[in-house]
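Engineer: Next come the chains, spelled out residue by residue.
Number of protein chains: 2
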Amino acid sequence: MRIITDIAKLRKALTAARRKGKRIGFVPTMGCLHEGHLSLMDACRRENGLTVVSIFVNPAQFSPTEDFAAYPRQKKRDVLLAKKRNVDIIFYPSIKTIYPKRYLTYIDVKKITQTLCGHSRPKHFRGVTTVVAKLLNIVLPDVLYLGQKDAQQCVVIRQMTTDLNFPVQVKVLPTVREKDGLAMSSRNAYLTPKQRREATVLYRSLRQARQQVARGERRAATVTKNIRRLIRQDSKGRIEYVACVAADTLEPVKTLKGHILIALAVRFGKARLIDNIFLHV
Amino acid sequence: MRIITDIAKLRKALTAARRKGKRIGFVPTMGCLHEGHLSLMDACRRENGLTVVSIFVNPAQFSPTEDFAAYPRQKKRDVLLAKKRNVDIIFYPSIKTIYPKRYLTYIDVKKITQTLCGHSRPKHFRGVTTVVAKLLNIVLPDVLYLGQKDAQQCVVIRQMTTDLNFPVQVKVLPTVREKDGLAMSSRNAYLTPKQRREATVLYRSLRQARQQVARGERRAATVTKNIRRLIRQDSKGRIEYVACVAADTLEPVKTLKGHILIALAVRFGKARLIDNIFLHV
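As they're listed, the protein sequences go chains A and B. No gaps in the numbering here: position 68 of the first sequence is 80 in the numbering used here, and each next residue is one more. No gaps in the numbering here: position 67 of the second sequence is 79 in the numbering used here, and each next residue is one more.
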């Protein structure tokens, strides 16, 4: 496994692989790797001749009041984990490499970045799409791997790659969960033991919603009300949103029909956790 | 020469050329081709194995009050001209091909899009960078050819391709002029015979500025004042701006030093004309 920090060196390595006819798969991450990331790397390995993983805590997707400085960084551990999963190249750029002096360009996806997490994180997705576009232009992968835990991010990136005609296939893989159901996230590290126990209510509330829909419930308002009630009952988490939206447009629905995303964001102390499920109704 | 309207077909043709090791050069245009465009095609032919020219009047770069509907379109003539210059592929997409239903993504370059033409055309460059990014992702050229007449556009596109790491080289070729000095532009067709005669003052005023700088003038205010005076004296054109700016940052300068752009925009009836010169002081 090679660790490359320089764009020109990375391009050289990738051009050589491409010339040999290797299909290139790409997993962008902010490091602090967990089984969610590793499952993307495994799929990438299986489906491509060369697997590139980027590790870059992207300042552009954090607001000044958010946890950019506190975000966990553990390079040594990440490198070991990626090596074990037979990743070919880790791209580990500096902030100056990605945002040099006089950097001025940002990508905005309208509408679908303003809802759900966009309400409390107004410039977050602009930072995400900008860095992903840059990474796509640097790596030029055939396939991009994303995790469903960041459901809105997946929808936004897919919209961006489609709209801007990036020649890449976007694959979204299922959320990987702890044994008790909590979605894996680098931010789980912020939880106190008590918060960690309480946070299991998030997925429990989504599973309950799935059951209620399976039993015939079609009113979005009732489903979200029941999710909110369970979260309040079983935890001290501060609910930011609970929403039933169309899975492609992220527009709110009143009646559950078709391809639906039920998504939520809840704060437990310093940790802002998100989770979601997709339903075909 | 092939005329291709479909993105998938274009990609197929380009992938085949790329496999044969052909270097791909790209000239984006809005059609109504003149010698300025044709000089870009000639350079592209000389320097690449395959020359792609796009013809697309991009609605995203016109404001509702501008001349999108009136902008001259002459497909047959354009095709003949491109064929004569041995262009390999004309990409002639429909508006729906470039901006399908539910299109949501735009690229913003900050600062340098707000000055000069950006004052009177606030969303213009957003439309330009967005369509150019799309075309770059569709064509994946090795070299992109632009004309210096649109000096700010060249600076903005270069900033965008650098910032977003597009793997393309940007080449800017000199403005091609009519015998009497008027910069070639598709919008010259809007001029009445009288306006056409008067419009020669634009380049005359820039040449005068160059001479004054050669003779030692270094005060930007004096240079722009003299340009304005000559334009007012010799024409009925309504001056939108005359500015001396740093060639890379487009920031106004008080003293002419280093790499300087002197740029102007003047309205003659329906036609908004621009012109510029670069100086090394």
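Hints may be right or wrong, so weigh each one.
Chain copies aren't distinguished; within one or between two, either way the pair holds.
Unchecked claim - Using 25 Å as the maximum straight-line C-alpha spacing, the simulated PhoX-like pairs for lysine-lysine come out as follows:
{"no.": "1", "residue 1": "Lys266", "residue 2": "Lys95"}
{"no.": "2", "residue 1": "Lys266", "residue 2": "Lys113"}
{"no.": "3", "residue 1": "Lys21", "residue 2": "Lys95"}
{"no.": "4", "residue 1": "Lys122", "residue 2": "Lys135"}
{"no.": "5", "residue 1": "Lys123", "residue 2": "Lys248"}
{"no.": "6", "residue 1": "Lys32", "residue 2": "Lys183"}
{"no.": "7", "residue 1": "Lys34", "residue 2": "Lys21"}
{"no.": "8", "residue 1": "Lys108", "residue 2": "Lys123"}
{"no.": "9", "residue 1": "Lys32", "residue 2": "Lys206"}
{"no.": "10", "residue 1": "Lys88", "residue 2": "Lys34"}
{"no.": "11", "residue 1": "Lys34", "residue 2": "Lys123"}
{"no.": "12", "residue 1": "Lys237", "residue 2": "Lys21"}
{"no.": "13", "residue 1": "Lys34", "residue 2": "Lys95"}
{"no.": "14", "residue 1": "Lys88", "residue 2": "Lys135"}
{"no.": "15", "residue 1": "Lys282", "residue 2": "Lys95"}
{"no.": "16", "residue 1": "Lys269", "residue 2": "Lys191"}
{"no.": "17", "residue 1": "Lys113", "residue 2": "Lys123"}
{"no.": "18", "residue 1": "Lys123", "residue 2": "Lys135"}
{"no.": "19", "residue 1": "Lys183", "residue 2": "Lys266"}
{"no.": "20", "residue 1": "Lys21", "residue 2": "Lys113"}
{"no.": "21", "residue 1": "Lys123", "residue 2": "Lys95"}
{"no.": "22", "residue 1": "Lys108", "residue 2": "Lys24"}
{"no.": "23", "residue 1": "Lys24", "residue 2": "Lys266"}
{"no.": "24", "residue 1": "Lys34", "residue 2": "Lys24"}
{"no.": "25", "residue 1": "Lys206", "residue 2": "Lys183"}
{"no.": "26", "residue 1": "Lys135", "residue 2": "Lys248"}
Don't read these hints as lab results, they were simulated from the structure.
Engineer: Have a look at Lys183 and Lys266 and pick one of within, between, both or neither, based on CA distance no larger than 25 Å.
Structural biologist: neither (29 Å within a copy, 53 Å between copies)
Engineer: Is it within, between, both, or neither for Lys113 and Lys123, if the alpha carbons may be no more than 25 Å apart?
Structural biologist: between (30 Å within a copy, 14 Å between copies)
Engineer: Checking Lys34 and Lys21: alpha-carbon separation at most 25 Å within a copy, between copies, both or neither?
Structural biologist: both (18 Å within a copy, 23 Å between copies)
Engineer: My question is about Lys123 and Lys135: at a cut-off of 25 Å on alpha-carbon distance, are they close within one copy, between copies, both, or neither?
Structural biologist: Intra 13 Å, inter 18 Å, cutoff 25 Å: intra and inter.
Engineer: Up to 25 Å between alpha-carbons, please classify Lys34 paired with Lys95: within, between, both or neither.
Structural biologist: within (19 Å within a copy, 37 Å between copies)
Engineer: Treating 25 Å as the Cα threshold, decide for Lys21 and Lys95: within, between, both or neither.
Structural biologist: within (19 Å within a copy, 40 Å between copies)
Engineer: Taking 25 Å as the upper bound on the Cα-Cα distance, should Lys123 and Lys95 be classified as within, between, both, or neither?
Structural biologist: neither (39 Å within a copy, 42 Å between copies)
Engineer: Is it within a copy, between copies, both, or neither that the alpha carbon of Lys88 lies no farther than 25 Å from that of Lys34?
Structural biologist: neither (28 Å within a copy, 42 Å between copies)
Engineer: Can you tell me if Lys88 and Lys135 fall within 25 Å by alpha carbon in one copy, between copies, both or neither?
Structural biologist: neither (30 Å within a copy, 45 Å between copies)
Engineer: Reference check for the pair Lys108 and Lys24, CA-CA at most 25 Å: within, between, both, or neither?
Structural biologist: Within one copy only: 20 Å inside a chain, 37 Å across chains, cut-off 25 Å.
Engineer: With 25 Å as the alpha-carbon cut-off, assign the pair Lys237 and Lys21 to within, between, both or neither.
Structural biologist: Result: close neither inside a copy nor across copies, 53 Å intra and 50 Å inter.
Engineer: Up to 25 Å between alpha-carbons, please classify Lys24 paired with Lys266: within, between, both or neither.
Structural biologist: neither (51 Å within a copy, 43 Å between copies)
Of the numbered hints stated above, those contradicted by the structure are hints 1, 5, 9, 10, 11, 12, 14, 15, 16, 19, 21, 23, 25 and 26, listed in ascending order.
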